[in-house]
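Student: Take a look at the letters that make up each chain.
2 protein chains.
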Amino acid sequence: MLALVLDDELRLVDDYPAPTPAHGQALIRVIKAGICNTDLELVRGYHGFQGVLGHEFVGLVEQHPDPDWVGRRVVGEINLTCGECDTCLAGRHTHCPHRTVLGIAGHDGAFGEYLVLPTENLHPVPPDLPDDAAVFTEPLAAAFEILQQAHIHPTDRVVLLGDGKLGLLCAQVLALTRCNLTIIGRHAAKLQLAEQWGIATRLVPAEEDLPADLVREVDVVVECTGSPAGFDQALRLVRPRGTLVLKSTYHGRTHADMTAVVVDEITLVGSRCGPFAPALRLLNSGKVDVLSLIHARYPLTDALEALEHAARGGTLKVLLDVHETRTSGG
Amino acid sequence: MLALVLDDELRLVDDYPAPTPAHGQALIRVIKAGICNTDLELVRGYHGFQGVLGHEFVGLVEQHPDPDWVGRRVVGEINLTCGECDTCLAGRHTHCPHRTVLGIAGHDGAFGEYLVLPTENLHPVPPDLPDDAAVFTEPLAAAFEILQQAHIHPTDRVVLLGDGKLGLLCAQVLALTRCNLTIIGRHAAKLQLAEQWGIATRLVPAEEDLPADLVREVDVVVECTGSPAGFDQALRLVRPRGTLVLKSTYHGRTHADMTAVVVDEITLVGSRCGPFAPALRLLNSGKVDVLSLIHARYPLTDALEALEHAARGGTLKVLLDVHETRTSGG
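For the record, the sequence lines run as chains A and B.
Under this note's numbering, the residue at position 144 of the first sequence is numbered 379, and the numbers go up by one with no gaps.
Under this note's numbering, the residue at position 137 of the second sequence is numbered 372, and the numbers go up by one with no gaps.
Note that these hints are calculated values from the structure, not bench results.
Backbone N, C-alpha and C fix where the C-beta goes; we use that ideal spot for every residue, glycine too.
Where hints are given, some of them may not hold.
As the list claims (entries may be wrong) - Here are some, though not all, of the chain A residues that point toward chain B, as calculated from beta-carbon distances under 10 Å:
#, residue
1, Tyr281
2, Gln285
3, Glu443
4, Pro446
5, Arg474
6, Pro475
7, Ser483
8, Tyr485
9, Ser506
10, Thr560
Same shape as in the complex, but just chain A (with noise of 0.2 Å):
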């Protein structure tokens, strides 16, 4: 099959061999994938992976031992785990420690022809909700996240750091709490976009120059510049006993202050994979704006320039059209 493969280089294959579901597994025909800030870190030797990329997906059972699942439109969670260890067991299955990760860790991804994951990971599109919308479930849940470890108030002052295209679905998730929320960005463009969805932005296109009327004033800061600078500006940013949630991966470790941390007692919460059901039903309501997201679209054929392009400062999400959508089961 083609498959965009991440080895000693990256390179599009075109012989490369379709995967077979295991036993409880189902073989899935990519229709659409999107390009993640992971996966250019991925490129850029996170992780250290090798294999096919690409973890955010939307696509079509075409074999699975239940015949009703054969035919279905899903999405699927991206950490296959062993559901038996301590870890498992605890319910914390996201981060077992046998764990592999679709086009991140051990488990090649979806930015191919097919792709296999087991069927707990699976969940179905509802039948109205585009291929262009559900495609972005995996990053929503994780935008989830947010919510299902940190107590937001409705009250509570928050910030959105980083207008990135996680960002940005945060910043729309962290808007259902109708909390008072501001995100700070430096790109004029994508925060008039939060503007037309009613939310509160600041362009502060210097990390020196936060606005003073929020400095050590905010209840919850979200960190989503990607960058390790975000962490020093989050920090000046949260109020004492504030809660700063880190969403931002990186190569690379970050120089920080964990006095200042002990000093004004900060409680930091690494925030990773999130549930998909929340992000489906949000998806599903209407009441969430992904498309204007879509920045560029690619046939898988030409997925090293949907990369290139990806990575170019002030690109949204871009996608990769895989298969038509069609039930090619029969």
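Dock chain B against the given chain A, drawing on the hints supplied.
Tutor: What follows is chain B alone, placed relative to chain A:
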């Protein structure tokens, strides 16, 4: 009065002006004071403090507008707050942005013959509690702040990292929960104290040699090493979705792996000053051993030597004897 003063240098001054109580403040005759690592960090330039050092003390009220207070033996909370700002009104007094801090920021401390504090900062010492124990109220309150901020479950695997004087107090407070507690430290003699208290210990002389059975297995890690390297160790011990309580403050920054915090969804909790009332209740119950932590005593006239002693590796608490215990009010 005689006082240990930090300005351009650290020096003993015998004609330092005695403090004058402002409205609502008490003049307190210091009986004993304890030397904390923060005092040593202040001497190294942390925080830029100038004035009389010292924030751990027990003393006698010598002057007070209400005669009932005069002659009472007291300990005192160290944050002098405005009581009027949003932070104070929200109940976060210890984070008042207008605060001064006894012997740490803008307010002369306890390494002198007298100090002043507002009445609301004072806690009478139970009559049977010896001065040698009462002088530990402030650091023991800081240990209680851990239980104030984090829910330690009785079934939790907890590691206290660091066998210094604050670590050994925190360990005794954590042990109250009957959680599954282990202290990891570098000093056999200090760990032996913990063993005497019935707390499990692991001697780990070098940072690299963390016990393999604890790595990524600990529900709650409390970092009390007082050094930037402690953060990395703590992060290696804590399980995914676990909690890391930070107690160490030091001059400088930490090179921190914040991506690991995100991927493992760790919660970090900065923890500083704590509640005096439970500390006094615990001291008064006799169910905590603070006297074994006293390694040396010096008269205030030898305060410079006392600080040198406190800075020597392996030293636990060094006390300054300032005045005899007796009501001097009459």
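Student: Against this structure, judge whether each hint is valid.
Tutor: Hint check:
1. Tyr281: holds, 8 Å
2. Gln285: With a closest approach of 18 Å, the Gln285(A) hint is violated.
3. Glu443: Violated, because the Cβ-Cβ distance from Glu443(A) to chain B comes to roughly 18 Å (cut-off 10 Å).
4. Pro446: violated, 17 Å
5. Arg474: holds, 8 Å
6. Pro475: holds, 3 Å
7. Ser483: Hint on Ser483(A): holds, closest Cβ of chain B at ~7 Å, below 10 Å.
8. Tyr485: For Tyr485(A), the interface hint holds, since the closest Cβ of chain B sits about 6 Å away, which is under 10 Å.
9. Ser506: With Cβ-Cβ at 6 Å, under 10 Å, it holds.
10. Thr560: Status violated, d = 33 Å.
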